[in-house]
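Spelled out, the chains give:
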Amino acid sequence: MGEKTKEFWRWKEYNWSDETINPKEAETISAGVDVGSVSSQAVIMVDGKLYAYSNMRTGSDSPDSARNAINWAMEGTGLTLDDIHYSVGTGYGRVNVPFANRAITEIACHARGGNFMYGPTVRTILDMGGQDCKAILCDERGKVTNFLMNDKCAAGTGRGMEVFSDLLAVPIEDVGELSLDVDEEPPPVSSTCVVFAKSEASSLLREGWSKKRVLAAYCSAMAHRVVSLLERITVEKEFAITGGIAKNAGVVTRLERELNLKALKSKHDTQIAGALGAALFAKSLVEKQRKKAVQ
Amino acid sequence: MKANYGYMDGSGEFFITIDTDLCIECSDRSCVDACPAALFEIIMDDYDDEVVAIKQEHRKKVKYDCGACKPVSDRPPLPCVEACKPGAITHSW
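Which chain is which? The protein sequence lines are A and B, in order.
Heads up, the first sequence is in my numbering, so the first residue is 9 and it goes up one at a time.
Heads up, the second sequence is in my numbering, so the first residue is 1123 and it goes up one at a time.
Only true hints are included.
To spell it out: a stretch of chain A is covered by chain B in this simulated footprint if at least three of its residues, at any positions, have a beta carbon under 8 angstroms from a beta carbon of chain B; those stretches are:
hint, region
1, 105-117
2, 157-165
3, 231-245
In silico DSS-like cross-links for lysine-lysine, where the CA-CA straight-line distance does not exceed 30 angstroms:
hint, chain 1, residue 1, chain 2, residue 2
4, B, K1124, A, K160
5, A, K206, A, K160
6, A, K160, B, K1177
7, A, K255, B, K1124
8, A, K255, B, K1182
9, B, K1185, A, K206
10, B, K1207, B, K1177
11, A, K151, B, K1182
12, B, K1124, A, K270
13, A, K160, B, K1185
Distance ranges between label pairs, derived from CB positions:
hint, chain 1, residue 1, chain 2, residue 2, range
14, A, D55, B, K1192, 50 to 60 angstroms
15, A, K151, B, E1163, 20 to 30 angstroms
16, A, K14, B, K1177, 40 to 50 angstroms
17, B, E1163, A, K57, 36 to 46 angstroms
Hints listed in this document are in silico derivations from the structure and should not be mistaken for laboratory results.
Just so it is clear, CB atoms sit at the ideal spot from N, CA and C, and this is done for glycine as well.
Next comes chain B alone, as it looks inside the complex (with noise of 0.2 angstroms):
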């Protein structure tokens, strides 16, 4: 499954996108510590699969919140999509 979570609003669209099918896999789970808002969190889904998922509190000010890794020039890599192995997380923005 893709789970967006995010908005979108006036000011354009910010979802960040986990393929749980990939995510399932995934044994380490390290995107949850490389985040530094702390916008990773794992759940049990409604189908009983463990997975990872963007907290509630986050998910209407993604913009804001990954803010601070995506610097407007010169943008390193997301630490959130390094860390994750299976390549299951995705920004829109």
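One chain only, chain A, in its complex shape (with noise of 0.2 angstroms):
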């Protein structure tokens, strides 16, 4: 494929499933699935435990997005629908995840899940979306106690991460890094707009600088926007990053350097935060409903 042809912001979907857990001696499978306005995610927890997951971009078509994404995440674990217990969809589409037994919204997802892949004592989450930016704070239990939300333009979010991506011809995964990889930080383009930051990168280039300081100065710029979101909410320690976006090194040490605070760090894929809280939240909500049967 040629540079012109190639998707250079295209990430990578994968699935992945705990072979040591075996679903059916389970009590309780419960599920999640988050539909992103750009990449869907299901989870399967086996009796509280994380089993399966998937990772995947999310189609023209939501309840699809949904199906392909539980599909997947069930794929080699011999588990249908019909054995999962109780399941909750999030994020953007999840009124329209089809076989979903409730609607949650990303930011409690978000939360509970945040309290599940970094412990009870994350208390704020930034969760950096594929096109919003939320930051989220949370108690113990992963409740949240306050929360912001910026879902009117793409700057601070993914969507805006691609855009520069396929401007430079950098692959996605390659950006954090290469942001890096400057002798001397440049200043931030513009932080309230990715049309702006785009077409002032792109006078930049024609200045001669190079593809690294541009994307040095936008992920700069990103790191800039999403510290005065945190600002209004008052960032409380520990504090966690999830979403895309939290794969990206060259945005997560300047947002640590611009707060003095380290982000702590997950085990778990920091993309699959909002669809495992929903699947906490169904597997909460099952017990709950066996409870009212037995009284």
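Now that you have both chains on their own, put them together as the hints suggest.
Spelled out as structure tokens, the structure:
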């Protein structure tokens, strides 16, 4: 594929399952499906343990994306939709998850998922999604205590990063590391609008700036933009980042520098936090249902 | 929970904050009827509590929807803030 037709923004889609867990012996199998504007994830939990997940690009049809995500997560596990006791849909397309028993906002799900991924000490979760950015404060149980969401423009979101990846013909997975490979931090480009930032970057390239330098200027602008969002709700320790941008070392390092805080690390994929939270909600809800049925 | 509805853009920060812990305790929810632009609605939140929220269709334009209640000078008390007995509603601008 030539450089002109190559999709530099395209990130790797994949699925995973824990082969040490036998879902056939499970008491509760719960699922969470996060249909976002850019990516969709499905998480399957077996008795509260992470069992399987998938992470893929959202298509033009939300119900189809939800079905594809859950089917891919179940691939090779022997599970079918009938084996899942309760499902929760979340994300932009949460009302379009045909097999979900309930829809819950991604804000509550990211807080719950973040609590599972980073432990009960996490208090501030920054979800840098495909088309929005959410700053969430939560308590030790993962319940939201304060939130702020910016979904009015693409500045500070994954979509903005994809635009830059394509503009500079740099694979999206390499953007972060490359942006850190500069001798001196350049001034940030416009942080209020991706379109302005893109035209500013084009001018800088014409002026002779290297790709690395332009990427550094954009990652810096993105970090700056997000910090202003976080400052409104006051960052509390411990702090963690979820969503696709959490994988971009260039943005994360600059954010940590501006906040003077280290973000917590997780062994789990940061993109599954919403679906993971939804699966945890699903487990609680099915248990609540069972308790009610017994009474 | 402090629920911030609104946005920030190049022209500033525009958020209506509803403290749902205070809102839950309120029985009459008079803010819903007090708003001349009908921005408020009663919803069941993710934790199964009945609270007031800003309607989805208004969240990205609160600056303009609230404009009539916010003249440049001689600004009267905001009807929603005044109607909210527990003091759960605040505006950032």
